[in-house]
Structures are given as structure tokens and as C-alpha cells.
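Read top to bottom, the protein sequences are chains A and B. Take the numbering used here: the last position of the first sequence gets the number 267, and nothing is skipped along the way. Take the numbering used here: the last position of the second sequence gets the number 1266, and nothing is skipped along the way.
No lab work stands behind these hints, which were simulated from the structure alone. Where hints are given, some of them may not hold.
[To be verified] Taking CB as the label site, the calculated pair distances span:
id : chain 1 : residue 1 : chain 2 : residue 2 : range
1  : A       : PHE108    : B       : SER1251   : 21 to 27 Å
2  : A       : ILE242    : B       : ILE1037   : 55 to 61 Å
3  : B       : ARG1054   : A       : PRO259    : 40 to 46 Å
4  : A       : GLU107    : B       : ALA1180   : 30 to 36 Å
5  : B       : ILE1038   : A       : ALA83     : 20 to 26 Å
6  : B       : LEU1158   : A       : ARG52     : 38 to 44 Å
7  : A       : ARG52     : B       : SER1251   : 52 to 58 Å
8  : A       : LEU55     : B       : GLU1055   : 36 to 42 Å
9  : A       : ALA171    : B       : GLY1248   : 40 to 46 Å
10 : A       : ALA171    : B       : GLY1026   : 45 to 51 Å
11 : B       : VAL1057   : A       : PHE108    : 19 to 25 Å
[As the list claims (entries may be wrong)] Stretch-level coverage of chain A by chain B, calculated; a stretch enters the list once three of its residues show a Cβ under 8 Å from a Cβ in chain B:
id : segment
12 : 121-133
13 : 166-174
14 : 180-189
15 : 194-202
[Stated by the list, open to error] If you want the footprint, here are the derived chain A segments under chain B, 3+ residues with CB under 8 Å:
id : segment
16 : 23-34
17 : 91-101
18 : 111-118
19 : 241-255
We put the CB at the ideal spot given by N, CA and C, even for glycine.
Now for the letters of each chain:
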Amino acid sequence: MKRGELGAFLRMAAAEIPPARGLIPLLALLTLWQLLAPGPSAYFPAPFEWWRAALLLWDSGQLLPAFAATVTTFVEGLVLAVAIGVALGIAIGTSRPVERALGPLLEFMRAIPPPVTVPIATLLLGYDVTMKLTVVALSAIWPILLNTSSAAAHVEPLLRDVARTFRLSTARWIHQVVVPSVVPSILLGIRVAIPLAIVVTLLVEMLTSLPGIGALMIQSQRNFQSAQVYALLVVVGLFGFIVNDLFAVIEAIVLRRWPARGGFRSG
Amino acid sequence: MTARRFSGRLWWRPNIAGLLTMAACGLAWELTIQAGIIDFQYLPAPSAIIQGARELVASGELAAATVHTLESVFLGWAIAVAAGVSLGLLLGFSPLLRRYSLATIEVLRPMPAIAFVPVALLLFGFSIQTELMVIVLPSLWPVLINTMGGVMGVHARLGEVGRTFRLSRAAMLYKVFLPAATPTILVGMRISLTLAVVLAVLAEMVGNPEGLGYGVVSQQQALRPDLMFVYVVVIGLLGLALNALLIGVVSVSFPAAAAELKGYRP
Chain A
1 MKRGELGAFL
11 RMAAAEIPPA
21 RGLIPLLALL
31 TLWQLLAPGP
41 SAYFPAPFEW
51 WRAALLLWDS
61 GQLLPAFAAT
71 VTTFVEGLVL
81 AVAIGVALGI
91 AIGTSRPVER
101 ALGPLLEFMR
111 AIPPPVTVPI
121 ATLLLGYDVT
131 MKLTVVALSA
141 IWPILLNTSS
151 AAAHVEPLLR
161 DVARTFRLST
171 ARWIHQVVVP
181 SVVPSILLGI
191 RVAIPLAIVV
201 TLLVEMLTSL
211 PGIGALMIQS
221 QRNFQSAQVY
231 ALLVVVGLFG
241 FIVNDLFAVI
251 EAIVLRRWPA
261 RGGFRSG
Chain B
1001 MTARRFSGRL
1011 WWRPNIAGLL
1021 TMAACGLAWE
1031 LTIQAGIIDF
1041 QYLPAPSAII
1051 QGARELVASG
1061 ELAAATVHTL
1071 ESVFLGWAIA
1081 VAAGVSLGLL
1091 LGFSPLLRRY
1101 SLATIEVLRP
1111 MPAIAFVPVA
1121 LLLFGFSIQT
1131 ELMVIVLPSL
1141 WPVLINTMGG
1151 VMGVHARLGE
1161 VGRTFRLSRA
1171 AMLYKVFLPA
1181 ATPTILVGMR
1191 ISLTLAVVLA
1201 VLAEMVGNPE
1211 GLGYGVVSQQ
1221 QALRPDLMFV
1231 YVVVIGLLGL
1241 ALNALLIGVV
1251 SVSFPAAAAE
1261 LKGYRP
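If we strip away everything but chain A, and leave its shape as in the complex, we get (with noise of 0.2 Å):
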């Protein structure tokens, strides 16, 4: 990366963030937690008391390894899903009458929510990191494939007739027309899935006891230990902020080079 590139790209993740004055609301809310409920309490403990359960379960090392696992296995359920659900999506969407076929039983499969996989797919497959991957995994294709199929099927009609006149082959036609215009539905795809991507890894660490950051989550809550409860809760949250300002950031970027076109509105 050049360094006029890299100030680009830290330009643009800071404009991501709104600015940090917005944040006094939740800093006062804090702030008056802390003070109106200054000790460790079984309901609301204070948010100093969550900073020392969280050291406290770095310490014992139960938090690194349960958040590399929780991590490792969103990061892999999601790329498996985009690789899928992209091929997937583009061979679908480019065949008309394969697209008709398959519509009504891919939104019917949409419509099941993705943490019901979890119960079906741990009598299938048992309890093991597969299982829990492919739970993540497929809950995360639905949207990837989905809207992918769906801007497969929409290119652009002018683009169609150029293609038909300079005589494309398939191949080609699909490398340099579909893959274009397709990008910005795949990053609409991706940005539904990744919170569902992560709910998902959550819950079946709660319902299987699988390590990670769920099954932490829920040993602790089963505990009674609630000041570790709500340091859980923060790190989930950063987490999730993390990742959907990251993939904003990847997203800016993306569409740079391959901007969305206009007659074609994804969704």
C-alpha cells in the first residue's frame, strides 16, 4: 500500500465514525450507573466492577482462547458463505430458467431463521467444530446468494446488447460484465449476513457448550456471576462494532473501483 493510499484509507475509516461528542449520552449513562450503584450487586453491577471480571477472566485465560475461537469461527463461516454464496449466486442468476426454478424453494429456505439451523443441524452432525461452522456458514449465504442471483439476473439491459454485439464468450461475459456489476449487490449481501453471522456462532456456543465467547457468556449468567455477564456483553458489543465499521471501510473502498450503477437498485 502506497502512503498516499493509506491516508486515504485512514481518512475514510475515520469518516465512518461520527464524531465523538455523540458519545456523551452513553458516557453519562455510565458515569450515573457507577455512581447510583457504586458496588457489585446481582442485578446492576457497576461498570468498574466489569472492568475487574474482565481482567479477572484474562487473567485466568479463559477470555483469549474463548474470543480466538468465537473469531475464527465468524471469520471462516462468513468467507465460506461469500465463496458459496457468490459462485452460487452468479450460476444461478445468469440462467433465466434456472433462476425461476430454484426461486420459490431459496426464499422459502431464506425464510426459516438461520438460529433454528443450530437445533437441526447438532442432530445431524453432532457436536463438533464442523457442525458449528456449517451452522454459521449457512445462516451467513442466504443474503450473499440471494441478492447476488437477483443482480446476475438484472445487468444492466445496455450492457447485455454490447456484450451481444462485440460476440463475448461466456466466460468473458461473465468475468467482465456480471462480476462487475454484480460487486455491489455481493457487498449488500455480505453487510446483512455479518450480523446474523455472528449471532449464530453466538448461539451455538450457548446451546453446545462449543468454547467461546457465547458459552462463556451463558456459564457465567448460569453463575450468577453478573459483573462478568456485562463484560461479556461489552466485548460482544465492541466486537460488533469493530467489524461492521471495518467492513464499512472494506466496503468504501470496493466501491471505488467498482462503483454501483444506476438503473439497477439491489435489495
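Based on the hints, put chain B in the right spot on chain A.
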């Protein structure tokens, strides 16, 4: 745009190829199980699932679970919409409030829904309150953001017209801003409804042991995959039905906003 709209209309023609594919998949599933080609110990054939559905309908369990989930979804959604629209209006009208709270919203919004489950359990135990907390907090955001965006997107000239007629603040809200922002607010409400269904099921799976979500988990633990799949299918159908209902109600009561709503697929 025209191409998109045209194909959108095609969807509503019965898609015979699509329905045939679905039927063929179901048949293939049934036959492979019957013939013992794939042998997952816990994969029931569609016929076994239909049998299971009869069982659950006869015992009344399915109806009770569906009613519970529906109640939670509607109650949670109603709270989220009420809070989201009011907060969204406030933020939409006041640049000052926006300046001093947007970052907080951006920090809280990506909070994964499921992270609230342990906290809710800590506060409320296994109860409907737990379920409502898990439904309301995440499904608040789409309504809030869309209401705010809707109000901010109202054309300046409409505000000028209102001022020319010397409308009071309340009249400005009810006669100018709310009607103009309605289509955007409705889109937020639809996203929020879809979310509320997923969240209710999620909360029932790990929080409140009642309803359809609990049905799925408890039948999985009882090693009754046939009954588990009944709950799964009912949940899927419930989501589709609620979505269709919302679009139907909107098409009748706000015909102008319906087009925008249909174009958006959450």
C-alpha cells in the same frame, strides 16, 4: 428501473417451474430416506414430518406455542415501533440531539442481539420479560433510523409551505412531516417485524422456555426430529405470513407507500 419493475410483476404469476422444483425436492427427499440411500440417523422423511404435525396439532401443543410466539412478536414489535418512531422523530427534528447522540447509536446498534440474552436472564429469569427485552432492543434500531431518515429527507419546500400557512408545530408534524415520512417509516417497521420473529424464536431457544423456539430445542433434546421439523416449518411459514399480512395491510391503508415496501426485501 423498468426492467426491474417488469420482472417484479412476473414474480406474482404462478411460477410453475419453481413449484415443481420444490415438489421434486420434497419427493427426492422422501424417496432417498425410504430407500435408505442416505442414512442420517435423525433425518426424518417428509411423510414422518406430516405425521408429526398431526400429532402436535391433535395435542394442541402447536397451537399453544404459535399463540405464545405470535403474542411475543406483536407485543415486542409494538413497543419497538412506538419507541423507535418517537425517538426517531425527536432525532429527525433536532440537529442538536443528533449531534450529541448519533455516535452512541452507532456504538449500540451493531450490538449482536443474542448478547442481550444472558443479561436479560440475569434481570428477569425465564420469563416473557426476558423475551421482550431480547426482541425490543435490536428491533428498535431499524424503526428509529428510518424514522429519523424519513423526517430529515422531507423536502424543504414542504416545510416552507407549512410555515406559509402558519401551521402550529403539532399541525406541522401531523399534516406535513409524518405523511411525508410514512413510506420510509413503514420500511423500517417491516425490517423490524422480520427481525422480531427471528428474535422471538432466538429468545425462546435460550431464554424463555415457551413458544415455537422452545419447541424446536426441546424436540431436538427429546430426539424427536420429526416433531422438531414441524416447528421449524411453522416458524418459516409464520415469518412469511406476517410479512404478507403487513404488506397487505399497508397496500390497503397506505397504497402510495406500498410500492416502496414491496421493493425492499429484508
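Verification of the hints:
no.	hint	verdict
1	PHE108/A - SER1251/B: 21 to 27 Å	holds (23 Å)
2	ILE242/A - ILE1037/B: 55 to 61 Å	violated (46 Å)
3	ARG1054/B - PRO259/A: 40 to 46 Å	violated (55 Å)
4	GLU107/A - ALA1180/B: 30 to 36 Å	holds (32 Å)
5	ILE1038/B - ALA83/A: 20 to 26 Å	holds (25 Å)
6	LEU1158/B - ARG52/A: 38 to 44 Å	violated (54 Å)
7	ARG52/A - SER1251/B: 52 to 58 Å	holds (55 Å)
8	LEU55/A - GLU1055/B: 36 to 42 Å	violated (52 Å)
9	ALA171/A - GLY1248/B: 40 to 46 Å	holds (45 Å)
10	ALA171/A - GLY1026/B: 45 to 51 Å	violated (35 Å)
11	VAL1057/B - PHE108/A: 19 to 25 Å	holds (21 Å)
12	121-133	holds (count 3)
13	166-174	violated (count 0)
14	180-189	violated (count 0)
15	194-202	holds (count 4)
16	23-34	holds (count 4)
17	91-101	holds (count 3)
18	111-118	holds (count 7)
19	241-255	holds (count 3)
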